Amino acid sequence: MSKNIFFKNKGPIKVNRLFKSNNQNKDIITDIKTLDKAGKYELTFFDSIKYLESAKKTKASYCLTTDKLKKYIPNNCKIILAKNVLLDLSRVLREFYPFADIDYPDTTIKKPSPSKFKHVKFGNNVLVGNNVKIGKNSIIGSNSIIEKNVKIGMNCIIGSHVIIKNSIINNSVVIQDGTKLGQKGFGFIPSKKINIKFPHIGKVIIDDNVEIAASCTIDRGSVDDTCIGRNTYIDNQVHIAHNVKIGSNCMIAGQVGFAGSTFIGNNVSIGGQAGISGHLKVGNNVKIGGGSGVVKDIPDNQIVMGYPAVSIKEFLKK
Amino acid sequence: MSKNIFFKNKGPIKVNRLFKSNNQNKDIITDIKTLDKAGKYELTFFDSIKYLESAKKTKASYCLTTDKLKKYIPNNCKIILAKNVLLDLSRVLREFYPFADIDYPDTTIKKPSPSKFKHVKFGNNVLVGNNVKIGKNSIIGSNSIIEKNVKIGMNCIIGSHVIIKNSIINNSVVIQDGTKLGQKGFGFIPSKKINIKFPHIGKVIIDDNVEIAASCTIDRGSVDDTCIGRNTYIDNQVHIAHNVKIGSNCMIAGQVGFAGSTFIGNNVSIGGQAGISGHLKVGNNVKIGGGSGVVKDIPDNQIVMGYPAVSIKEFLKK
Amino acid sequence: MSKNIFFKNKGPIKVNRLFKSNNQNKDIITDIKTLDKAGKYELTFFDSIKYLESAKKTKASYCLTTDKLKKYIPNNCKIILAKNVLLDLSRVLREFYPFADIDYPDTTIKKPSPSKFKHVKFGNNVLVGNNVKIGKNSIIGSNSIIEKNVKIGMNCIIGSHVIIKNSIINNSVVIQDGTKLGQKGFGFIPSKKINIKFPHIGKVIIDDNVEIAASCTIDRGSVDDTCIGRNTYIDNQVHIAHNVKIGSNCMIAGQVGFAGSTFIGNNVSIGGQAGISGHLKVGNNVKIGGGSGVVKDIPDNQIVMGYPAVSIKEFLKK
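Each protein sequence line maps, in turn, to chains L, P and S. Each number in the numbering used here comes from the position in the first sequence (counting from 1) with 5 added on. Each number in the numbering used here comes from the position in the second sequence (counting from 1) with 5 added on. Each number in the numbering used here comes from the position in the third sequence (counting from 1) with 5 added on.
Because the hints were derived from the structure by calculation, they are not lab data. What you are looking at is a predicted structure, and each value in this text was computed from that prediction instead of being measured. Be aware that a few hints might be false.
Pairs count within a copy or across copies, as identical chains cannot be separated in the list.
With a straight-line Cα cutoff of 35 Å, these simulated DSBU-like cross-link-like pairs (lysine-lysine) come out [to be verified]:
{"no.": "1", "residue 1": "LYS318", "residue 2": "LYS250"}
{"no.": "2", "residue 1": "LYS76", "residue 2": "LYS42"}
{"no.": "3", "residue 1": "LYS8", "residue 2": "LYS73"}
{"no.": "4", "residue 1": "LYS19", "residue 2": "LYS292"}
{"no.": "5", "residue 1": "LYS250", "residue 2": "LYS202"}
{"no.": "6", "residue 1": "LYS62", "residue 2": "LYS198"}
{"no.": "7", "residue 1": "LYS197", "residue 2": "LYS123"}
{"no.": "8", "residue 1": "LYS75", "residue 2": "LYS61"}
{"no.": "9", "residue 1": "LYS138", "residue 2": "LYS64"}
{"no.": "10", "residue 1": "LYS202", "residue 2": "LYS141"}
{"no.": "11", "residue 1": "LYS197", "residue 2": "LYS62"}
{"no.": "12", "residue 1": "LYS31", "residue 2": "LYS62"}
{"no.": "13", "residue 1": "LYS323", "residue 2": "LYS202"}
{"no.": "14", "residue 1": "LYS15", "residue 2": "LYS250"}
{"no.": "15", "residue 1": "LYS322", "residue 2": "LYS153"}
{"no.": "16", "residue 1": "LYS61", "residue 2": "LYS115"}
With the sequences and hints as input, model every part of the structure.
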């Protein structure tokens, strides 16, 4: 069970302290994870039939879910019922991770010590937080900020005016000027009085040989992670929301936007200004035309275009 | 009559100095404001029938308008005729406010003095201008710049690489990394030789509990202000042009763009990459689908989608 | 023959060292340029019939092209055949310019010396590279970075958090906060193992009286330059890809995106969020509606709208 290296976990916490409805249960919960990642003593959540396959196989000890969905949860996992799963989840996440719902600027950042980063080249005014690791032959441009616990691999070139927080970056990654990685995503429970900010305890994971151009924003995951696969190239001003997973060898042109929790396969190319709605699955080898608006899943090997995006044949027929 | 705290007013100026056509009139004009805000000794302007209701009720002493529109101006307000209202307005604005048509970087900014900001936490290399006020328990992230006369309330969390100028920010506002607030908007009088830059003497006003994500741009108003209502949440890379007014409890997803002077009601939700044209009125409780292009007013409680945006029923019929 | 002031040229290099297929040829090549700019001892390339007119008139000594296109090259220019022109071009470019395929942060930047820039006003923490030239009465805002060899004219106002590299900026240009100029564009040869990054040896050229608003990105050219004509105004969050040429007196609204190598005439106005595909020619006096997607050439004096963009008449008919 991997530990959260970016947010301090206040657990374990007893079930009856977290859920009044379970006030006799003195078992402990140690952490909160997604259906596929949670294990023993961990809490997961299941709020949409879209995640049925993962739900059936979850190894979590506890699952927060609805009366309607509870039947899909395997027997080894104890049900905790909620009227509004995300509202309860948000509350419980805050118990475990009280500082994950706002991006408090890292107060540990300071000028990097040359003895600690012997084989790293820094521009001027770079600020690095506690426990940051940067591999050899990497370069960090001027005025950039690498917040605490971030890991950057070898041979990476990070531009100037970049901010990286809550992220793990593998080797030979290039990030151009002004890009921001790992900030909290756009997640909250709307409320007329004051919205409830949803804690974001996930991270951003960037695999080898990825290139991210200038002025992009890639939000960290909420409970899950946001992932960019190896050898994927991303152009300027692309916005990638929380929990998005992009495969390897993809090409994402300028100003494309991805809404939250969408899954993109390998070898996918997306034209400029296209938008991909949330919670979708786009298959491998898909081509999405520039300016398209993708609002439903796309199987492997399709070429789509338009708003809403349809197969290229159908688009040309119109 | 409120005073402009961001731009120094060189008034009062005599009418005959401002307008050759009124060369006998030695009355004074003290300031320039919109139809609804101008009062005694103040000049307003009326250049589009869209603002008829405000024109009828203006309390301004003078109004710059056209021969065609002058009949709507109440008797207590003296007419000054113009062939091109905005051209004359731009010229007169420059007389009152000679430094509002270009964003001259604030030369008063410096490291904030701890004694002046006792209960504020600053990251590294923060720069603060003269007469900035920041409420207690607020935090300003590293490399951020807060230009002169800006007011920030209590319990605000401002990220790193943020620039705030010509803005008033209330309490408990969160602004994430890289967002720029209060710069001059995209206003000018086109001219083949050299465009005439339109002075922007307005500000940005952000109400309580607003959250603005990373790398947004919110321009200050030209003569009016740009306003974001309480508890409204705005995702990454959103662009809000001059004079836009967004109500309370709105949700604006990533990469949405608002053209100038548009009015958005309360409880409005707007999907990613939607665009809203200028000078429109979007009612309360409206839902605008992602990727839509809104080109006309929308009454309360509508759900719209498409380009150009139509009611959801009509969109699905197509 | 103009010299590349931003990237050091390792040439001349003998033809037989560059191309195995020409292993007897000990002539030299001194540089690599586009069809219209290459001259004696220089190599050019011709990979698309779109550039036929320039190909017929090239004065280059050598041209990299395909078996199919070689017949259009004039006799004075020697053909070098390639199966994949861009792949070979990329390899040869790297021989001449080994550091142009990644934006290595400029390590020569430092606080500007007041004696070198007597009539320039700098904000705080400005960083300036070797051999930068800035004209008198120009102002550079705080935390901005001007990398080596950049030229900025007189009376320019550059905002804060701006990065300018590989660029030549004429007089009276205004650039607002957070804009990034001259970074490498989105050019590479896809390969499942590791994409081959295309060297970008071009620059950005900004003519007199241009205004560029906040948080734009303008990439430098690959072999050609990216150019913005005089008195053109560009709103916030606009993305301009490599080799784009925009004429004079244009108006580009917020969040517009240009794909690579597109040519825009004079007096063109483009509404917010419009997208222009790559390698197109948009004529003079064209008006493109907000949100449009332009996918083919547009002749002079047209008004177009829609996705894909069609004449306004056709759009309204639908």
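Hint-by-hint comparison with the structure:
In this assembly of identical chains, LYS318 and LYS250 lie within 35 Å of each other by CA distance both inside one copy and across copies; the values are 28 Å within and 33 Å between. With identical chains, the CA atoms of LYS76 and LYS42 are at most 35 Å apart within one copy only, with a shortest distance of 20 Å there and 61 Å across copies. In the homo-oligomer, the alpha carbons of LYS8 and LYS73 lie at most 35 Å apart inside one protomer (32 Å), although the nearest pairing across protomers, at 59 Å, exceeds that limit. Taking the shortest Cα distances, LYS19 and LYS292 never come within 35 Å of each other, neither inside one copy (48 Å) nor across copies (41 Å).
In this assembly of identical chains, LYS250 and LYS202 lie within 35 Å of each other by CA distance both inside one copy and across copies; the values are 22 Å within and 23 Å between. When the C-alpha separation of LYS62 and LYS198 is checked against a cutoff of 35 Å, the pair qualifies only between copies, where the shortest distance is 33 Å, while the shortest distance within a copy is 38 Å. For the identical chains of this complex, LYS197 and LYS123 are inter-copy neighbours only, at 33 Å across copies versus 52 Å inside a copy, given an alpha-carbon limit of 35 Å. In this homomeric assembly, LYS75 and LYS61 come within 35 Å of each other (Cα to Cα) only inside a single copy, at 10 Å, whereas the closest approach across copies is 61 Å.
Taking the shortest alpha-carbon separations for LYS138 and LYS64, only the intra-copy value of 32 Å comes in at or below 35 Å, while the best inter-copy value is 52 Å. For a Cα distance limit of 35 Å, the shortest separation of LYS202 from LYS141 across copies, 21 Å, qualifies, whereas the shortest one inside one copy, 38 Å, does not. In this homomeric assembly, LYS197 and LYS62 come within 35 Å of each other (Cα to Cα) only across copies, at 33 Å, whereas the closest approach inside a single copy is 37 Å. Only within a single protomer do LYS31 and LYS62 lie at most 35 Å apart by alpha-carbon distance; the minimum there is 25 Å, versus 67 Å between protomers.
Taking the shortest Cα distances, LYS323 and LYS202 never come within 35 Å of each other, neither inside one copy (43 Å) nor across copies (37 Å). For the identical chains of this complex, LYS15 and LYS250 are intra-copy neighbours only, at 28 Å inside a copy versus 41 Å across copies, given an alpha-carbon limit of 35 Å. Taking identical chains as interchangeable, the C-alpha atoms of LYS322 and LYS153 are never at most 35 Å apart, the minima being 53 Å within one chain and 52 Å between chains. When the C-alpha separation of LYS61 and LYS115 is checked against a cutoff of 35 Å, the pair qualifies neither within a copy, at 47 Å, nor between copies, at 58 Å.
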